[in-house]
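Sequence order for the protein chains is A and B.
Take the first sequence: its position 7, counting from 1, is numbered 41 in the numbering used here, and each next residue is one higher.
Take the second sequence: its position 170, counting from 1, is numbered 204 in the numbering used here, and each next residue is one higher.
Possibly wrong hints are sitting among the right ones.
Since copy identity is lost for identical chains, a pair holds within one copy or between any two.
What the hints assert, rightly or not - Within a straight-line C-alpha distance of at most 25 Å, the following computed SDA-like cross-link-like pairs (lysine to any residue) qualify:
id : residue 1 : residue 2
1  : 213       : 255
2  : 456       : 145
3  : 213       : 409
4  : 456       : 185
If you're looking for bench data, these hints aren't it; they were derived computationally from the structure.
Remember, predicted model here, so these are calculated numbers, not experimental data.
Number of protein chains: 2
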Amino acid sequence: MPNPLLIAPQWIVPVDPAATDPRDHDRAPRVLTDHALLIEADRIAALLALGEARQRYPHAETLALPGHLLAPGFVNLHAHAAMALLRGVGDDLPLERWLQQRIWPLESRLVGAQFVHDGALLAFHEMLLGGITCVNDMYFFPEAAITAAAALGIRSVHGIIVIDFPSAWASDAADYLRKGLQLRDRMRDEPLVSFCLAPHAPYTVNDGALRRIATLSRELGLPIHTHVHETREEVEAGIAQHGMRPLERLAELGVVGPELIAVHAVHLSESDLRLLADAGASVAHCPHSNLKLASGIAPTARMHELGITVGLGTDGSASNNRLDLLGEARTAALLAKGDSGSAEAWPAARTLRAMTLDAARALGMDDRIGSIEVGKQADLVALDLSGAELAPVFDPVSHLVYCCGREHVRHVWVAGRHVVNKRQIADDSARVVIHEVVGRTAVWHNRVGEILSGQV
Amino acid sequence: MPNPLLIAPQWIVPVDPAATDPRDHDRAPRVLTDHALLIEADRIAALLALGEARQRYPHAETLALPGHLLAPGFVNLHAHAAMALLRGVGDDLPLERWLQQRIWPLESRLVGAQFVHDGALLAFHEMLLGGITCVNDMYFFPEAAITAAAALGIRSVHGIIVIDFPSAWASDAADYLRKGLQLRDRMRDEPLVSFCLAPHAPYTVNDGALRRIATLSRELGLPIHTHVHETREEVEAGIAQHGMRPLERLAELGVVGPELIAVHAVHLSESDLRLLADAGASVAHCPHSNLKLASGIAPTARMHELGITVGLGTDGSASNNRLDLLGEARTAALLAKGDSGSAEAWPAARTLRAMTLDAARALGMDDRIGSIEVGKQADLVALDLSGAELAPVFDPVSHLVYCCGREHVRHVWVAGRHVVNKRQIADDSARVVIHEVVGRTAVWHNRVGEILSGQV
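Make the full structure from the sequences, and use the hints.
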């Protein structure tokens, strides 16, 4: 498909960033009809009435999308993409057995650049088919994930992972930091790649490393992406070891500020919530993962009341076997209502914002992505709402959140490039890459089976 | 596609009814590979090793389905199909405003045979595309829903609805019962149609009518399908009015027995749970609807502990905008874990049973449907697990519950008839019917808009 390109869908939902009062986000969002959007190079070059568009750009190639809704591409605020290769190996197990009998033995034997590359290819492919245009990933061997992202054309943020324990990737906290920062330097000219600091969790990173991360975050302007208060046991163990709640300790070490993306944030006291709100920190809410591991239900209705920016994450395939932000969004909206007792919590418009602009804001990228505005990157998703299974359409935003599945994602653009065309990966070479990795996945499948059965 | 037909998928998951100990249902189910299933007329005529099948049926037409899982068709244990025409008209509203400002004004103006027919067509079409082969429906003008079901070939159970209030369909409880029983008589030769008694709810049906329903249920062998303990307010109001909990009142009136399908069953005390368990009653669990209306979270992990048969329902489109049992199943499995704190609650195998055999048992139809057994009706769904977004497949049953979406449902058979072929309605005339109803939906759409804006 040529570029510049004029897209003329039935509805455009810009996810208006002008509304800065959090209470405004619950209102019905602006939905444009009879409008068109012009992609030029990697950007949204125009957003205007269809008649005017035809006059001003008479020679632009036009993609008419009757019955389609055009929205900002979805932003996956927390993932471990490589773990797609472990999809479904540890279902229905309590967290300890899940970690000790499945995930850790497998990771210790398998993780390396090839594992990360192949798993990330599978995960990014799945995400693109579901309209995810930007993913915030945290795993070992991030360079291999970057190679996978480049092959498919997805925008990616990579955690400079820091953990006190050695792995095949690095030996100690200082080594993790050094390798991650070196990679960041090498990637500085890659327009679709960016970085954040990713201390694994308060209970796996020492005070000194956390202080250093807080300093680096300020110096380099990098977000800090960390698991926090995922389980009750984690909070209790933190209190036992440090005499304070993990979030209090992070605050003391300088980690809790606007740059913090607190992943999970399930077990929060009112004072934890106020700490996050006062600091301007964000939350990466992963409802399916939190339910599947029986961690609990994050107090997301209260987060919105306090004005905390909440984005959505799929987490990795080992704790959430389907990497689908539309599914997370529907569950997030429903769970917020059911858990808080208020059907007005997490209305559709606010939920769409969590999938897009609020996640972009958490990543410090809302100047470039997360909404449909002239000058922003052309990261877009077109959903086909014309099927009988979606009729009637009273409100396309309600349909996006409460009705749509991955089967309705028909076109995806990242930085102006058409990456998904009619539900298929558009690029020939990317399709070959996916075909090849599916072949290699059979080999990974066998190795996993051998390890779990104690054969190797 | 001709019949007899030999289907040769990669995996067959029979959902073994032999396991009668509830604790067995949590174990890994039998998964057959290198097997084939023979459909002859409306039945499963054989289930045997592939080699043997080729020898015994050398001339049978064969459908090879590499990478596919063949499972029993899904059974939707609670629906209000006609409400598909109200999909998304009342999102994000508290229950009272939802009912008083949206649902009741619209129903009072719109409900009639044509509304029910058109809404049911949309709903049954959506259900079939998602692998639902049998639906337990409750609404006014059931004859119109039966016409819609026949046009698409879905198996349906229709509630003989009883409510103390007049509607366009009937004037009082006795009239509802009379009309419903007459319809049942007229439909006695329809192989895909059956009935249950459907008192709307304890708070909308008087004692005399409920006693009469209990008697009729025993005389005619009909299940009783009723909303019960959906909200906290309902339970409190029941206690205030009758001096006992609604379920206790139903038990006194003879309604709580093995024939009872208690829909929602969200707010249950331990004694309520034991009452249901001791009576051998079943529950129709509707997780998305209960969350969306902020009713709460049903104690489904405890239900399984007590051996209560739990099926899954989509409810109507006004409280759950997507009629998708795969989505309900995933949420049911995840929610049971997150709410109970045990990741072992509602494992995949047990969840698949809730989608199939347990729902069939609740309807008293487990002698005919709900599992893959020779002699049972050929109600089947084939899911395509070969896509890169599902690789690797360690456990196809885990994939069905935790990964699959409607996009993976590729073939559906009801009573041996191929109703969905490669994700499309197979029958030409059924496709015409759907095309026509989508056209009429635009008219319904306008009428809803006029009513809600006070124009008519």
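Under a CA distance limit of 25 Å, which applies to residue 456 and residue 145: within one copy, between copies, both, or neither?
The answer is neither: 34 Å in one copy and 38 Å across copies each exceed 25 Å.
I want to check one pair: residue 213 and residue 409. Are their C-alpha atoms no more than 25 Å apart within a copy, between two copies, both, or neither?
neither (34 Å within a copy, 64 Å between copies)
Check residue 213 against residue 255 for me: Cα-Cα at most 25 Å, and say if that holds within a copy, between copies, both or neither.
within (18 Å within a copy, 71 Å between copies)
With identical chains treated as interchangeable, where does the CA-CA distance between residue 456 and residue 185 reach 25 Å or less: within a copy, between copies, both, or neither?
Answer is within; shortest intra-copy Cα gap is 19 Å, inter-copy 30 Å.
Hint check: violations occur at hints 2 and 3; the rest are consistent with the structure.
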